[in-house]
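> Keeping the supplied structure of chain A fixed, place chain B upon it in accordance with the hints.
Chains as they are written, first to last, in our numbering: chain A, 1 to 417; chain B, 1 to 321.
In short, the hints are calculated from the structure, not lab data.
Keep in mind that a hint or two might mislead.
[Unchecked claim] Heads up, simulated BS3-like pairs for lysine-lysine below, C-alpha to C-alpha not over 25 Å straight-line:
1) B/K14 - B/K28
2) B/K81 - B/K19
3) B/K157 - B/K136
4) A/K16 - A/K57
5) A/K308 - B/K212
6) A/K308 - B/K281
7) A/K253 - A/K229
8) B/K157 - A/K377
9) A/K57 - A/K14
Every value quoted in this text rests on a predicted model; they were computed, and no experiment measured them.
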Amino acid sequence: MPDTQALVNDFLNKLKKRKIEGSQATAKQTAELLRSVISQTRVPYTNQAGALIDSVKAVGERLIAANPVELAVGNIVRRVLHIIREEDLSLTNAAMAGLNLSAVSDDEDDADQADHPVLSAAAVAAASRSTLRPPSLQTLLEDVPEATAVPHTTSSGGDSEGKSKSADKSSRSKKLKHDVIEAVNELIQDISTCHEQIAEQAVEHIHQNEVILTLGSSRTVLEFLCAAKEKKRSFRVFVAEGAPRYQGHLLAKELVTRGLQTTLITDSAVFAMISRVNMVIVGAHAVMANGGVIAPIGLNMVALAAQKHAVPFVVLAGSHKLCPLYPHNPEVLLNELRSPSELLDFGEFSDCLDFGSGDGAPLLHVVNPTFDYVPPKLVSLFITDTGGHNPSYMYRLIADYYSADDLVVQRRSTSGN
Amino acid sequence: MPDTQALVNDFLNKLKKRKIEGSQATAKQTAELLRSVISQTRVPYTNQAGALIDSVKAVGERLIAANPVAADKSSRSKKLKHDVIEAVNELIQDISTCHEQIAEQAVEHIHQNEVILTLGSSRTVLEFLCAAKEKKRSFRVFVAEGAPRYQGHLLAKELVTRGLQTTLITDSAVFAMISRVNMVIVGAHAVMANGGVIAPIGLNMVALAAQKHAVPFVVLAGSHKLCPLYPHNPEVLLNELRSPSELLDFGEFSDCLDFGSGDGAPLLHVVNPTFDYVPPKLVSLFITDTGGHNPSYMYRLIADYYSADDLVVQRRSTSGN
Chain A
1 MPDTQALVND
11 FLNKLKKRKI
21 EGSQATAKQT
31 AELLRSVISQ
41 TRVPYTNQAG
51 ALIDSVKAVG
61 ERLIAANPVE
71 LAVGNIVRRV
81 LHIIREEDLS
91 LTNAAMAGLN
101 LSAVSDDEDD
111 ADQADHPVLS
121 AAAVAAASRS
131 TLRPPSLQTL
141 LEDVPEATAV
151 PHTTSSGGDS
161 EGKSKSADKS
171 SRSKKLKHDV
181 IEAVNELIQD
191 ISTCHEQIAE
201 QAVEHIHQNE
211 VILTLGSSRT
221 VLEFLCAAKE
231 KKRSFRVFVA
241 EGAPRYQGHL
251 LAKELVTRGL
261 QTTLITDSAV
271 FAMISRVNMV
281 IVGAHAVMAN
291 GGVIAPIGLN
301 MVALAAQKHA
311 VPFVVLAGSH
321 KLCPLYPHNP
331 EVLLNELRSP
341 SELLDFGEFS
351 DCLDFGSGDG
361 APLLHVVNPT
371 FDYVPPKLVS
381 LFITDTGGHN
391 PSYMYRLIAD
401 YYSADDLVVQ
411 RRSTSGN
Chain B
1 MPDTQALVND
11 FLNKLKKRKI
21 EGSQATAKQT
31 AELLRSVISQ
41 TRVPYTNQAG
51 ALIDSVKAVG
61 ERLIAANPVA
71 ADKSSRSKKL
81 KHDVIEAVNE
91 LIQDISTCHE
101 QIAEQAVEHI
111 HQNEVILTLG
121 SSRTVLEFLC
131 AAKEKKRSFR
141 VFVAEGAPRY
151 QGHLLAKELV
161 TRGLQTTLIT
171 DSAVFAMISR
181 VNMVIVGAHA
191 VMANGGVIAP
201 IGLNMVALAA
211 QKHAVPFVVL
221 AGSHKLCPLY
231 PHNPEVLLNE
241 LRSPSELLDF
251 GEFSDCLDFG
261 SGDGAPLLHV
271 VNPTFDYVPP
281 KLVSLFITDT
291 GGHNPSYMYR
301 LIADYYSADD
311 LVVQRRSTSG
321 N
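Only chain A is shown next, with the shape it has when bound in the complex (with noise of 0.2 Å):
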């Protein structure tokens, strides 16, 4: 597969040399190449499903490895691993539903029994414990599959069991890949539309003359902000400036643009001001399974000035930024130092920072966090594209988007999964 091999060295340099901004085009890029991966791999006749998540599992334990810190890559490899477990089940119930319509009709006419396939008990209750899931929000109010209250339909013969199960699966060979191939698009353009979506909300929690402050650019917040202001809400807008980008310079003009009233201050002013506040809008990095927030460097100085001002704390995140990971999990990097020259300019203070003088240590040292953690009892809502949450139910949305046998994403040994 040279095409697929060259778009990954691509992606994975990109990923290492920090060319790709901002979790949702990084989500986009991954999806797009876990597309790819996914037509070029070929298939076996049997256990198709295993097939797919191994080659997956390949490309995405790499793709995790060149950059750790930005979680979204490994979110998406995770939803896609889900969804090819979840389009293989549902296929599985899909055949022995029809598998069992037909083999009741074949219980009339023996002499038709070798041309139609069909399964003995064992298999049927093999097929119906696999097709118990884990409950979760999306399926707890689905239909239980007919196969489950199969009746019990024996026959005779071993080979007929094997010919049953190969044909069982070549009727699905075909539709597997395509099926998760839709399912990856669609799963793209979730992560397009995020913010649509995320701004359709914004009209019933910002009302009129409230003030809103933020920290920084994000694109999210300026979409929702947006929204409410074409729904005719009058409000006011605090932009901390987010040292040391300043990227709420560009968020001020942007909103200026917009005609909004905005008003941009130091992040040293925040506490000053949080009292006029009404409520604070930001975006995040990535949020993790207990509802702490990966946010940008500054936010958790704000959290704290909101809860004691008890201002409430608004986070938007798209789902693709949901990590199933804990933030104590070892495998989670929760920030990265960037270069000092975002501070300080190398030329007026290169005898500070020199390691040849002295002893060869530097006097000064210039630390340049990207992140800040947030802990989930300062976050008073979420806001994703279902809809607003409570930190503490965000752990429930992972048991929708992702499987417990991904959360670790290493190739095993063994060939199947």
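Chain B alone, transformed into the frame defined by chain A:
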């Protein structure tokens, strides 16, 4: 001293029958009465201050017994009767002008586009808000009606005539609205030495709501309301229960409230307390005629206004003290 005795008895009568409304009127009349007492007291050549103190204490004891909830006292002692009377005149003047002195500070505290919350009706608060309005600050006021007397209605009407944007709400709506409020400004009945406030009923709830939403709770109190006693002092009756008729009509509820029915004890009890105690940790700032103070600072003002010997106002059997 027949004139003075008649005045004292008349004032005692009014106090017992709760005919005098408001701390300021009470304080002023008390000060005027004590001024008369002082001017009528015959002072010996030696220990003039002792004689004055004795006579003031004699009258003061009776006044306090008549209305212990009105814990206003003023007793200063100077060497000469003349100086004392002058000082008492100053005191009366201070009491009369406390509203203006407090209102002068309004501009420092109320800023543009703010939302103020108050409960019931207090003349100090009214003058405070109007002073800020005259200095061209534009702000809005939420008035909680202050059941069961609903004096908030009167305050709201008064504010509207002076041109302020006002919103009238029930007491129960305070917690719902407090997230949009920038400051709570209320009057007090009395301020205790620890910084605690005896305030009209309902204000403890407002103070709790304000604390929850980090809204400053500002209490306006003239210096005559500052009491040198602590709330745990047995002399201080923190509250007074008024008639149930303010809540219920006797006609409709006479069967429920009847002591003659059943076991002789009515099934329905009506409690109508007049005051609330607001602990000092819920108060952000006291604005008195001398300026703004922390609740933990109020005990220092006591040293300026009161002597330690006078905390218990009882005449001793010996001639001197």
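> Against this structure, judge whether each hint is valid.
Against the structure, the hints:
{"no.": "1", "hint": "B/K14 - B/K28", "in the structure": "14 Å, holds"}
{"no.": "2", "hint": "B/K81 - B/K19", "in the structure": "31 Å, violated"}
{"no.": "3", "hint": "B/K157 - B/K136", "in the structure": "20 Å, holds"}
{"no.": "4", "hint": "A/K16 - A/K57", "in the structure": "19 Å, holds"}
{"no.": "5", "hint": "A/K308 - B/K212", "in the structure": "9 Å, holds"}
{"no.": "6", "hint": "A/K308 - B/K281", "in the structure": "16 Å, holds"}
{"no.": "7", "hint": "A/K253 - A/K229", "in the structure": "16 Å, holds"}
{"no.": "8", "hint": "B/K157 - A/K377", "in the structure": "44 Å, violated"}
{"no.": "9", "hint": "A/K57 - A/K14", "in the structure": "19 Å, holds"}
Checked against the numbered hints listed earlier, the structure breaks hints 2, 8; every other hint is satisfied.
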